[in-house]
Amino acid sequence: MRMYEHTNSRMYDWLGIVLAGLSAIAVLVALGMVFLYAPREATMGDVQRIFYFHVASAWVGFFAFFVTFVAGIGYLVQGKRRWDILALSSVEIGLTFITMAVVTGSLWAKPAWGAYWTWEPRLTISAVQLLIYVAYGMLRSAIESPEQKARFATVYGIVAFVTVPLSWFAIRWWRTIHPDIMTGGEGMAMTPRMVQTLLASIAAFTLLYATLLRQRVHLERAADALARLQLRAEDEKALKVSENL
Amino acid sequence: MNFIRKVFAIVAKDIAAELHTREMISAMLVFSVLAMFIFSFALDLRGAMARAAAPGVLWATIAFAGTLGLSRSLAREQQSGCIDGLMLAPVDRSAIYFGKAIGNLIFMGIVEIVLLPLFSALFNVSLLRLGVLLVMALGTVGYGAVGTLLAAIAVNTRAREVMLPVLLLPLAIPALIAAVQATGGLVEGGTLADVGGWTRLLVVYDLVIVAVSMLTFEYVVEE
Chain A
1 MRMYEHTNSR
11 MYDWLGIVLA
21 GLSAIAVLVA
31 LGMVFLYAPR
41 EATMGDVQRI
51 FYFHVASAWV
61 GFFAFFVTFV
71 AGIGYLVQGK
81 RRWDILALSS
91 VEIGLTFITM
101 AVVTGSLWAK
111 PAWGAYWTWE
121 PRLTISAVQL
131 LIYVAYGMLR
141 SAIESPEQKA
151 RFATVYGIVA
161 FVTVPLSWFA
171 IRWWRTIHPD
181 IMTGGEGMAM
191 TPRMVQTLLA
201 SIAAFTLLYA
211 TLLRQRVHLE
221 RAADALARLQ
231 LRAEDEKALK
241 VSENL
Chain B
1001 MNFIRKVFAI
1011 VAKDIAAELH
1021 TREMISAMLV
1031 FSVLAMFIFS
1041 FALDLRGAMA
1051 RAAAPGVLWA
1061 TIAFAGTLGL
1071 SRSLAREQQS
1081 GCIDGLMLAP
1091 VDRSAIYFGK
1101 AIGNLIFMGI
1111 VEIVLLPLFS
1121 ALFNVSLLRL
1131 GVLLVMALGT
1141 VGYGAVGTLL
1151 AAIAVNTRAR
1161 EVMLPVLLLP
1171 LAIPALIAAV
1181 QATGGLVEGG
1191 TLADVGGWTR
1201 LLVVYDLVIV
1211 AVSMLTFEYV
1221 VEE
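Residue numbers (our numbering), protein chains in the order written: chain A, 1 to 245; chain B, 1001 to 1223.
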């Protein structure tokens, strides 16, 4: 019952609260900077402001899947449940952010290039990652045994992550061979204020990721503890029944 | 018994099983021909259009037919209980992986050898060239290598056959892009040197995938 005591012994998860507070402040600051501090982009206008959220969420998505990859290696080496919890929590949060990146990317593509989807390499690789980790989630939900679920998901998480750089090269070359005039808006000149705003957004989203990750990990531990308690309660009930007999 | 002989003992077992039932190769072949017809009707493939679309249609057909064969190959092990026998055998887990993977590659290769002349005739493109064969081999090795690993995972899930394409296709994207581009370059009259970048990407994909699959397979079949 160590896990159970762990989640129950402290009334307040102070680190979690501090992280939540910090990310709330950071997100507000980033929002303020995006709308008030960053200059209006010369050619694209206010539409360009979505870029700060887009890049930040794409970064968090990629980082989250990297965390899953590292946690997967940890799980294969040590076989401890905590690594699997970290991996699955990071995938779920990464999926949320990569979805945000794909959606904001499409919204930006429409006014910038005239279409919601242009097979721009970075947007495409984000969408490929989205598909890969949706498959990861489907795999987990299609397996009963928790131990087997962890093992299979870990292997998939590792193999999947290894293919991502190869996909990136393939998609990039593929697009270069078929030149696409629509992707002409790549060389956006950034002023110092723009760079500062971008960095603030990335920092804010990364903090938000850390906060969500901590909460998700705790949730999964609590679920584990609950499952163990239920198991124990059933055992005790069965014991009582057998005593009464 | 050394490693190679163990691997080929497993390959020989798979070939014997396939000669007995012929279910894998016949399913893949019939499906491939059907897929070619469906693509032809869907895209109205004639003349220059057929030439342009041929590499994509070819690889899409191979990819979809491949998932059929791969999931059959591992499901057969499971249903017959043969996988338990393999696990008890005094061989390295990676020998089992290579055995299964090579067996699958042989079956996919046989289907492709039948498919190529048929494809060339139906779409009036010449695919029977050394360069195309090399690209086919490279693409199939990568696809089959990762497919064998993922099929071993998929057979243990509730969704089984449905799970494999969902897991496999997103990971096969780099191999499919490279294979389609290389095949396309060769069909357009290029030499192997012209599509060198794509074939190198295929080689890198194959090496990386085979290494990672070999290392992780033991965690998939672990009891």
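Don't take each hint at face value.
[Unchecked claim] Here are the computed distance ranges between Cβ atoms for each label pair:
(1) A1027(B) to N244(A): 52 to 60 Å
(2) A115(A) to S1080(B): 50 to 58 Å
(3) G114(A) to A1042(B): 25 to 33 Å
(4) E234(A) to R1200(B): 37 to 45 Å
(5) W119(A) to A1042(B): 38 to 46 Å
(6) L1133(B) to L199(A): 49 to 57 Å
(7) Q230(A) to A1159(B): 25 to 33 Å
[Said to hold, decoys possible] Once the Cα atoms are required to be at most 16 Å apart in a straight line, the calculated EDC-like pairs of lysine to aspartate or glutamate come out as:
(8) K80(A) to E220(A)
(9) K80(A) to E234(A)
(10) K149(A) to E1023(B)
(11) K149(A) to D224(A)
(12) K149(A) to D1092(B)
(13) K1013(B) to E1023(B)
[Unchecked claim] Computed footprint of chain B on chain A; a stretch qualifies when at least three of its residues, placed anywhere within it, have a C-beta under 8 Å from a C-beta of chain B:
(14) 143 to 150
(15) 160 to 172
(16) 209 to 215
Treat the hints as calculated values from the structure; they're not laboratory data. Backbone N, C-alpha and C define an ideal beta-carbon position, used for all residues, glycine too.
### Query
Checked against the structure, which of the hints given earlier come out wrong?
4, 5, 9, 10, 12 and 16
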